[in-house]
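Protein sequences, first through last, are from chains A, B, C and D. Here the first sequence is numbered in UniProt numbering, starting from 1 and rising by one per residue. Here the second sequence is numbered in UniProt numbering, starting from 1 and rising by one per residue. Here the third sequence is numbered in UniProt numbering, starting from 1 and rising by one per residue. Here the fourth sequence is numbered in UniProt numbering, starting from 1 and rising by one per residue.
Hints in this document: simulated from the structure, not taken from any laboratory. Do not take every clue at face value.
The list treats identical chains as one, so a pair stands whether inside a single copy or across any two.
What the hints assert, rightly or not - Okay, derived cross-link-like pairs now, DSS-like style, lysine-lysine, Cα gap no bigger than 27 Å in a straight line: (1) 105 <-> 137; (2) 93 <-> 105; (3) 137 <-> 93; (4) 18 <-> 93; (5) 18 <-> 137.
Being a predicted model, the structure only gives us computed values, none of them experimental.
Number of protein chains: 4
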Amino acid sequence: MLDPQISERINASFGRQKLMQFYGAHIEQIDHGSIAIAVPPTDFLLRTSGIFHGGVIAALADTAGGYAATTLYPEDVSFLTIEFKVNFLRQAKGEMLIAKATVIKGGATITVAQTDLFIRNNDQEAQVATSLITLIKASK
Amino acid sequence: MLDPQISERINASFGRQKLMQFYGAHIEQIDHGSIAIAVPPTDFLLRTSGIFHGGVIAALADTAGGYAATTLYPEDVSFLTIEFKVNFLRQAKGEMLIAKATVIKGGATITVAQTDLFIRNNDQEAQVATSLITLIKASK
Amino acid sequence: MLDPQISERINASFGRQKLMQFYGAHIEQIDHGSIAIAVPPTDFLLRTSGIFHGGVIAALADTAGGYAATTLYPEDVSFLTIEFKVNFLRQAKGEMLIAKATVIKGGATITVAQTDLFIRNNDQEAQVATSLITLIKASK
Amino acid sequence: MLDPQISERINASFGRQKLMQFYGAHIEQIDHGSIAIAVPPTDFLLRTSGIFHGGVIAALADTAGGYAATTLYPEDVSFLTIEFKVNFLRQAKGEMLIAKATVIKGGATITVAQTDLFIRNNDQEAQVATSLITLIKASK
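Isolated chain A (complex conformation) (with noise of 0.2 Å):
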């Protein structure tokens, strides 16, 4: 199980990103390695057809995977994005827009996690795009 003070401190830092705020995200759940962050269909984060925007998968990708990273560590540590690529499989049109991210590897000096995406709906997810993101532990 997680050490409770590492999702404390994920929830907290989570609280303080104001882009998740503005994206009405919250986190589902944290486990050693592993995050999932949902996100509701308000209107501003979809395109005119009802879909969630591309853009807006990208950056949950990826900030899923920042804090998949974290989920690793004792202490109080921040990642930063080298680079990260997505691939959108299906058309992402739901009641929920949920990100699962995993770190593949973590390392010294370079992490790498996979974000898989997915619409619920009616309690059935159907995955919409997937990413490899690559980070860097950030020093203090």
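Given the coordinates of chain A, assemble chains B, C and D onto it according to the supplied hints.
Structure of chains B, C and D alone, referenced to chain A:
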């Protein structure tokens, strides 16, 4: 020179994009195969350290790439992003964030654009990110 | 179970790939939507330090992704790679390099595969790379 | 102009790369922050249709990006590829494949290079691929 009708059509389409409105984005330049979009450093687009959020940079890169693709067509077309990849090169702190997108290869099905992103301070620009965007022409 | 005709067709196609012959590659497993390809550590595929060259890993990732896509079709199809991205996670040194490709999303036009790469030593596997491959079905 | 010692060092290192020897690759040009590497269309580097294999293009893109990074240093340095991404733009069929790599951003830890790839026919070049390569300086 770019057909004024294309320019008008793109400006109208851009005006309907809620995410871009929310960002306070405006088009600085449109040419055949390229576009430049600028975003001012509004509070909620920044990290607590005052630099633009990577997710904002990525969303702008993607959006600019898609609009660059539409400049090649006289008729009303739209593009879907299949995937994109962004490398962050420097922390993006300054008076204006500018995305300059260029079509590298237009095609009947697949179009590839490159978006370079810059921070402008005192009329000087420093590159903060680069990205490659793969697009597919959407059927209407 | 996979239709034996599909398996036969893929084996025949693989046998005609000169680069794969040159690598000494062989197919370890074929299923519906997935394939595993193995390459032994022949001298010219290695860096001077004895690890597999990143370019060899990338070529194998791409090839495996394309073959995984063809397993979904009863007829003879071929795929072109639009783009791919690979993350190197660990130095790839050992008895065998194995690429395990899975189709994440098949589609009428665009198919996306993920290839994870492993080094096998004494029957134990360690992941050395991961990749995402975007493919388009080629017309015959 | 590039320090002749750097040029000599890179040529010597390139001469030890078995995969590049196998490809029949040679360096066409070295400058501060850039390099061009050429590969002739030997049979085993081609698909049955006579076009260069995507895996060969990718390996060349990666290799050229790494060497471009080393041109920035007077001392003997080596770079590891963290990740790279390549977009294939046109079928690569012709007399010579040339990779032109340029450092976009050098840094103490992370270096980013872009490699554009061209096919040369009758002294004319057409771009066949573009790629972004993220590198980390290896400790010796």
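Structure-based check of all given hints:
no., hint, result
1, 105 <-> 137, "both (13 Å within a copy, 19 Å between copies)"
2, 93 <-> 105, "between (31 Å within a copy, 17 Å between copies)"
3, 137 <-> 93, "between (34 Å within a copy, 20 Å between copies)"
4, 18 <-> 93, "both (24 Å within a copy, 16 Å between copies)"
5, 18 <-> 137, "within (21 Å within a copy, 34 Å between copies)"
The structure meets every hint from the earlier list without exception.
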